[in-house]
Structure formats: C-alpha cells, structure tokens
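Peer 1: The chain contents come next:
Number of protein chains: 2
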Amino acid sequence: MANGNLQTELLYPDLEAALESADMEGLQEICASLAAEDLAEMVNRLELLNQAIFFEKVPEDKATEIFQLLDVNIQEDILNAVSNQRVAAIINEMDPDNRTALLESLPQNATRQLLSFLKPRERKQAQRLLDFPKDSIGRLMTPDFLAIKQDWTVERVLDFIRRNGEDKETLNDIYVVDDKGRLIDEIGIREFLLSPLERVTQDIMDRQFVALPADHPEEEAILAFKKYSSRTALPVVDEEGYLLGIVTIDDILHLEEQEATEDIHKLGGVGALDDSYLDSSMMAMVKKRGVWLTVLFVGEMLTATAMGFFEKEISHAVILALFIPLIISSGGNAGSQAASLVLRAIALGEVQFQDIWTILRREIFVGLILGCLLGLIGLLRITVMSALFGTYGEHWFLIALTVYLSLIGVVAWGTIIGSLFPILLKRAGADPAASSAPFVATFIDVTGIVIYFNIALLLLKGKLL
Amino acid sequence: MANGNLQTELLYPDLEAALESADMEGLQEICASLAAEDLAEMVNRLELLNQAIFFEKVPEDKATEIFQLLDVNIQEDILNAVSNQRVAAIINEMDPDNRTALLESLPQNATRQLLSFLKPRERKQAQRLLDFPKDSIGRLMTPDFLAIKQDWTVERVLDFIRRNGEDKETLNDIYVVDDKGRLIDEIGIREFLLSPLERVTQDIMDRQFVALPADHPEEEAILAFKKYSSRTALPVVDEEGYLLGIVTIDDILHLEEQEATEDIHKLGGVGALDDSYLDSSMMAMVKKRGVWLTVLFVGEMLTATAMGFFEKEISHAVILALFIPLIISSGGNAGSQAASLVLRAIALGEVQFQDIWTILRREIFVGLILGCLLGLIGLLRITVMSALFGTYGEHWFLIALTVYLSLIGVVAWGTIIGSLFPILLKRAGADPAASSAPFVATFIDVTGIVIYFNIALLLLKGKLL
Chain E
4 MANGNLQTEL
14 LYPDLEAALE
24 SADMEGLQEI
34 CASLAAEDLA
44 EMVNRLELLN
54 QAIFFEKVPE
64 DKATEIFQLL
74 DVNIQEDILN
84 AVSNQRVAAI
94 INEMDPDNRT
104 ALLESLPQNA
114 TRQLLSFLKP
124 RERKQAQRLL
134 DFPKDSIGRL
144 MTPDFLAIKQ
154 DWTVERVLDF
164 IRRNGEDKET
174 LNDIYVVDDK
184 GRLIDEIGIR
194 EFLLSPLERV
204 TQDIMDRQFV
214 ALPADHPEEE
224 AILAFKKYSS
234 RTALPVVDEE
244 GYLLGIVTID
254 DILHLEEQEA
264 TEDIHKLGGV
274 GALDDSYLDS
284 SMMAMVKKRG
294 VWLTVLFVGE
304 MLTATAMGFF
314 EKEISHAVIL
324 ALFIPLIISS
334 GGNAGSQAAS
344 LVLRAIALGE
354 VQFQDIWTIL
364 RREIFVGLIL
374 GCLLGLIGLL
384 RITVMSALFG
394 TYGEHWFLIA
404 LTVYLSLIGV
414 VAWGTIIGSL
424 FPILLKRAGA
434 DPAASSAPFV
444 ATFIDVTGIV
454 IYFNIALLLL
464 KGKLL
Chain F
4 MANGNLQTEL
14 LYPDLEAALE
24 SADMEGLQEI
34 CASLAAEDLA
44 EMVNRLELLN
54 QAIFFEKVPE
64 DKATEIFQLL
74 DVNIQEDILN
84 AVSNQRVAAI
94 INEMDPDNRT
104 ALLESLPQNA
114 TRQLLSFLKP
124 RERKQAQRLL
134 DFPKDSIGRL
144 MTPDFLAIKQ
154 DWTVERVLDF
164 IRRNGEDKET
174 LNDIYVVDDK
184 GRLIDEIGIR
194 EFLLSPLERV
204 TQDIMDRQFV
214 ALPADHPEEE
224 AILAFKKYSS
234 RTALPVVDEE
244 GYLLGIVTID
254 DILHLEEQEA
264 TEDIHKLGGV
274 GALDDSYLDS
284 SMMAMVKKRG
294 VWLTVLFVGE
304 MLTATAMGFF
314 EKEISHAVIL
324 ALFIPLIISS
334 GGNAGSQAAS
344 LVLRAIALGE
354 VQFQDIWTIL
364 RREIFVGLIL
374 GCLLGLIGLL
384 RITVMSALFG
394 TYGEHWFLIA
404 LTVYLSLIGV
414 VAWGTIIGSL
424 FPILLKRAGA
434 DPAASSAPFV
444 ATFIDVTGIV
454 IYFNIALLLL
464 KGKLL
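Taken in order, these protein sequences are the chains called E and F.
Start counting the first sequence at 4; every next residue gets the next number (this note's numbering).
Start counting the second sequence at 4; every next residue gets the next number (this note's numbering).
Don't take each hint at face value.
The list cannot tell twin chains apart, which means a pair is met if one copy fits it or any two copies do.
To be verified - Quick list of in silico lysine-lysine cross-link-like pairs, BS3-like style, CA-CA up to 27 Å: (1) Lys230 - Lys171; (2) Lys127 - Lys65; (3) Lys315 - Lys464; (4) Lys127 - Lys171; (5) Lys171 - Lys229.
Hints are computed from structural coordinates only; laboratory data are not their basis.
Construct the complete structure from the given sequences, taking the supplied hints into account.
Peer 2: Rendered as structure tokens:
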C-alpha cells in the first residue's frame, strides 16, 4: 500500500544527493516512483538552489505538474532562479487557472514579463482571465473544457473525448452548447458511460444545470459547490449565457480552507498571514500582530480614562475596583461568543442583513438570561463571603446588587454588540471578520466600566460613595 | 440560464399549494423542473406535515435522492412522520455513507428499528460500516465502487462500467484489484476515456495510488484530499490492503466546513451547535453559551480574589487600579492572537508536537517585542499626561515604569500561554480548540494582576505603597 509520507521521508536524502551530484538517473528514478503531490512536498523542503536544479533538470511536463502544486510565493522564488527558457516552458504549460493565481500575485512588471514569455494564444487567454475582477469567479476559471452538440451520439461523444480530452483539466463533466456557444446543458460523464453507444445526447439531456456568472465574487462558487455537492466542476458563463470556462472542486477546497483560516486569524485579532505559521518570519509575525495589538491597546487605554472619571468613587470604596475585571471580561466573553456565532453564520450564508431584527430579538433575550445567570452567581458569592467573613462590610447587599445589575447590563450589552458588529460591518461593505472578538471585547471593556460605575453611583450614593 | 435560488423562490408557493391540495400532477411538474438540491432546499422550509406528504407522494428514487440531501436532524423528524413502508423504501435506497451518517446520529433503539427495515444484504453492509469507530474513515466510506482486473482491455472495462455502474456513487475512478481483492492501482476514468479500446489495463497502470486506512481518524481523509487535490474519490483499505470502499470529495467538503465551524465556535468560547445559528432554539443557545460563560465567570472570579490581596495597595494608590483593565486585557489579546494562530496551524497539519520548542522560541521573542511596543506606548502616555496635567503626581515616573514593565511581562506571558495551550491540549489527547481565546484570556487576567502588583510592590514600596 502506498504511504506517501513514509516514502517521501525515506527518499528525501536521495533526492538531495541526486540534485547535488547531478545524478540524472537517480533523479528520474525518484520522480517515477512518487506521486506529483509527494514530489511537490519534497521539493517544498529543498533549498532554493536545489529547487532550481530540480526544475531545470526534470522533463518539462513533469516539472510543470509539480510546479503547479507549490505555493505561489515559492513559485515566484523558483521562477527567479531558473533559466528564462525554463520559465517560458513552465508557464506555457501551466493550467490556465493556476497561471492566473500566479500572475495575479506578482508585482505588475513581473506579470508583464511573464506574459511576454507566453505563446500568443496562451497570452491572450491569460490576459482575458486577468481582466476579470480580483476574487471573482472568472479568476478561478479554466477555459479548457469539453463542449459538444446535442445531436451527437454517445459513441461520437466518447470518440470526441478520446481525441480532444488530453489537455482538459477534468473529463468528469461534458457541456452541451448551442450553435452559438451558449450553454444549454451539463452532463456528467457517468451518463455517457452508462448509455448505449447509439443514443443521441439530446435524449440524455435534462436541461437542468447550474452555471456560475464569471463576474460574480468567488464566495458564490464556494456556496454553489457546497449546495450541489455531487458536482466536481461547474460551468462559468457570461451575462448572455455563453460558456466561458469551468471551475473545478480542487480550487474550491483550497479556497474554503483559506477563508476559514483568515476568519479564525481575524477572530483572534491577527491580520491574515501570507505564509503558513512556521514559514512566516518572526518580523512578519511581529508586524501582523503588532498593528492590531496596538490598535486594541490604544482603544483599551480608554478604560484608564473611563476609570479616571470615577477615581474619587474608587478611593471611597476600593471594594468596587475589585469587581471591574470580572464584570468587563464577562461582557467581553459574552460578546466574543455572539460575534463568533454570527460571523460563522454569515460566512456559511445562513444569515443575511434582513435577519438583523430576528438576530437582535434573539440576542437581547439570550443576553438577558445569560446576564441574570452570571449576576446570580456573583450575588451568591458576595452574600456567602459576607455571611462567612464579613468581607464586604455593612453595605454588602448594595454592593451585591450593584454587581448583579451591572452583570445583567454588561453581559446583555456585550451580547448585542457582539452579534450586531459583524452584520453591520458586512452591510457597510467591510469584512465582517474584522469585528474580531478582541475588538468587541475592547469596546465592551470601556463601555462596561461606564455602565458599572453609573449603577454603583445610583445605588451607593450617600452610603459608600 | 438556470438560477436555482430565483426558481425555488418562485416555485415555493406552488409546491406548498400542490401538497396541501394533494395535486399530484403539479407536484410531479415541480419535481421535474428543478435540481434535487433545489428541491431539498424547498423541502427544508416546509412544515413537517407537508414534508411528510412530500416524501409519501414523490416516487421512491426521487424521494431518496432528496432525502439524502437534508440535514440529519430533519431526516429524523421526517422518518417519524411518514409510513413504515416509506421509511423502509427510503433507507434501503440510500447511499451507504449517507445511511451511516443517519444511523450513527440516532438513539440506539431507533437505529435498531431502522436496521430491521433493511434488506439482509443492506443490513449486513450497514452493520459493518457502523462497526468502524466513530469519526473514523470507515464511517465515511461507501462500499459501492468499481473494481477491475489488470488483464482487462479498455473496451471490456468500459463495457463493465456500462453494465455495473448504475448504482455506484462515482465513476470518476476505477480500482484495479488482484485475484484476492487487494488494491493494486487506482486509475482515473480519464485514462480509459483517452486510451485506444484495445489497450490492456496493465499498460495504463502506474501502480501509484493513495489509500486511506479504514480505522484511521477522518481528519486523515481531509488532509489526504487537500494534498492529492486532483482526486475526487480515494480508496479505503484494511490493514492487509483489501479494498473496502471509497470516500468521495463531497463528504470531505462538508466535513471541512463543519470542522472550521466548530473551531470558530470554540475559539469564541461556545460549544459546537447541533443546528445552524437561526435553526437553534433560544434555549439551546442559552445552554450552549451559558455553560462556558459560567465556567469562565467562575475562573474570572479569581481576579476579584487576586485583587483582594492587594486591596491595601489599591487604597494607598488608587491610580494603580486605573491601569488594571488595560494591562490584563493586553495580555489577553496577545494570548488570543497566539492561540488562534497555533490552533489553526494545528488544524491544517502545519504544526506538530515536536515543533513545540520552535514555537516557544518564536513566541517568547515575538511576545517580548510586542510587550516592549505596548509598554512604550503606555510609558509615553503617562509621561505626556504627567507633563501636561500632572495627572500622576510626583511619582509619575515610577508609575510609568511599573506599567511599562508589567506590559512587557504580561504580554510576553500571554503570548507564551496562548501558543502553548493548544499544543499541550492536543498532546494530552484533548481538543486543542477547547483552549479557546476566552479561556486563555481569563487565565491571563488572573495571573496578570499578580504580575502587575508584584512589579508595583517592587518599584513603589515606601514611595506610593
């Protein structure tokens, strides 16, 4: 049984040795015994110099296949390290969708240079794909698909596939177009494989198909693949229904993973990293995290300002200060919960802007119950401590009541803010994930202090204060 | 061009009307004009009574196709609402992998009852799949695949597919087994479609394949599909290499989405929801969130205890209390960042336990720099406020120094704890996502107070304190 991980572990030293001693036979042998994905994983670990040798020496088609599996930033380094001739060979052979992903990530002059290496037909195609807006479905698309006419027999279709299928990314779906090239049906290869050879395509068609508009955002493609989950490719059309290309599910799986990572990082208050955690340099890490941490810190400085307003009250009743972290962090936690739930619901397409009143109603209700729950625990604690040790003096009940009411107010407030932030951000055209939990928490820390001291003033004025 | 969402919107009232007036012809018409996924979306919105009518009246194969697309908890309700005869028809026709997902989610006696409805062959198969451990690859598997022998010609293979492919979930990959049923190769349908009819399978084989062990955890399947991203199905084998079934990519896409949702919810300090956000009842919501919020609250009560130890110091220097929220929340934010980065890196398989020292080294470095950065801003603020308004009295510089050093200590501490928690939890066999940001923040709130006041005592003893 093939076990890629074990094999790559064993063969890695051999690969390094073969490259360093220019042992072409050894290199060929290793390439023949492993899947492209395993080779890509090994190449990923090589020093840049050895990577360059690898891509210079391996046959062109194999080189391109492996090159396409690498991360875009590694592709960039390699293109800079190999000969121009090799660069031209690789980028001319790349799948159009992978090529777009590379070209769009490069600085403009590098993109221009690479485009100049392309053969006229490929260049025109690459240019057309780049003309679609960033993060649109058009940018994910490959224009290599199989289109047939509805009067063809199954036999003719299979024959056509045999003769024209070689350079297509997938043969799992076949597209039926009319004389003008407009998409009229999508048929799984399954139907052709299971039908008698003499049946005509028309008799297989059900004219039910799902097409993605090329200029729509890529999120729509993710949602469509999730809904129509038996499809491994979906056709892409322009406004008039002309078939432009297809999007394949492998790109979607990566996109989905990428978006979840971004959301999780943002939820943790980190800008999205360009590289994986261990591949990011420490300085990149400091920068990405430092920026947000500083913004949060500056916001959080308002807590000191807010507390400054109540300095007199604190000095009269130091006991009040003891509960500040407890109260504001409970509000922050409740807010984080609400924000992460709503954020994910937005990402999954479960929640839209028109649901805002439903959400608000739910969250007020949930927030009040949660606030009462925590408030009761706080009330209980102060009561017990007072009964046992007399910790909170003669006004213990008023203090307990202050804490109780403050918790209800701050937790409900946190819940509402946490749930509304992502929806309102999304509505404003901003990224809802930017309403990350730390932002919500910081906002609630500051407002929570104000709520707490105002309740204290109301209840304790003339007694403790 | 087909636009599923618009069509379902338009046809939904018709569907309701057809069901309520028992208009079978209208029902048939609607079913014929929409994709199964669109019908499933509409059925999802129906009242349970109408759902029951729908599944009672629609032809068996269509009913099963749509039934399989619904969420498991809706499937349960429907099975309870339709006749036993219909239940038997549907669960006998379901794809084995979807059936396992339903059976494993039911209470034991319901599972037993459903199993009794199955035909002997199906029951044996269902039982065998349920025998695999929960969350294992075996539970994701469907045993309906196409296996061929290596001496068959392409023509024979295509013929075999035409005669036996009907009930197979995918025809995209064909599996070559030896005489005993051991997997010896996996070949994309593409190869057969592109090869001359008289070629023998042996000549197409490259004996390179990736097989998933049935008893391994499902996460391995996700990682394998991400790595071998051109595959839409992967074979599953037992320890001796016998081919048991296949896992298809549609299940993986859902699994990946589910796992990301769980991680995001846990990161926000919420137990994973069973239903989507809007489908969860408010009481379920209160329960899921209340439990964690209470645990966090009880933990956070230690902040009041910790501050209680320093009550005398606070009453001497109320000014010190003003900076508590700022300092502890900065530590918490730094911790959330580190935790979410490491958590995601673990989920993506980028980081293992043996990387712990690398991570520790990086995070100490990053934490100290970030702490210095925030500390400097704090120092600057106190200096400026002192110079302008004399806010902090004669000992302003010592206060500033206390805040500066505390921020370095607490931020570095938060960063280290936030990064180590997920790795250590994972190592201990627990879910790393349980080290959610709020937990890390609560832990750091309490310890941060201790750090802050100890530094204050050290610097300010005999001056302010």
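Peer 1: Tell me, please, which holds for Lys230 and Lys171 at an alpha-carbon limit of 27 Å: within, between, both or neither?
Peer 2: Close inside one copy (25 Å) and across copies (21 Å); limit 27 Å.
Peer 1: With 27 Å as the alpha-carbon cut-off, assign the pair Lys171 and Lys229 to within, between, both or neither.
Peer 2: both (23 Å within a copy, 21 Å between copies)
Peer 1: For Lys127 and Lys171, with the copy left unspecified, which applies at a CA distance of at most 27 Å: within, between, both, or neither?
Peer 2: So Lys127 and Lys171 pass the 27 Å test inside one copy only (18 Å; across, 41 Å).
Peer 1: Between Lys315 and Lys464, at a C-alpha cutoff of 27 Å, which is it: within one copy, between copies, both, or neither?
Peer 2: Both, since 12 Å and 23 Å are each at most 27 Å.
Peer 1: How would you label the pair Lys127, Lys65 (within, between, both, or neither) given a Cα cut-off of 27 Å?
Peer 2: So Lys127 and Lys65 pass the 27 Å test inside one copy only (25 Å; across, 45 Å).
Checked against the numbered hints above, the structure violates none of them.
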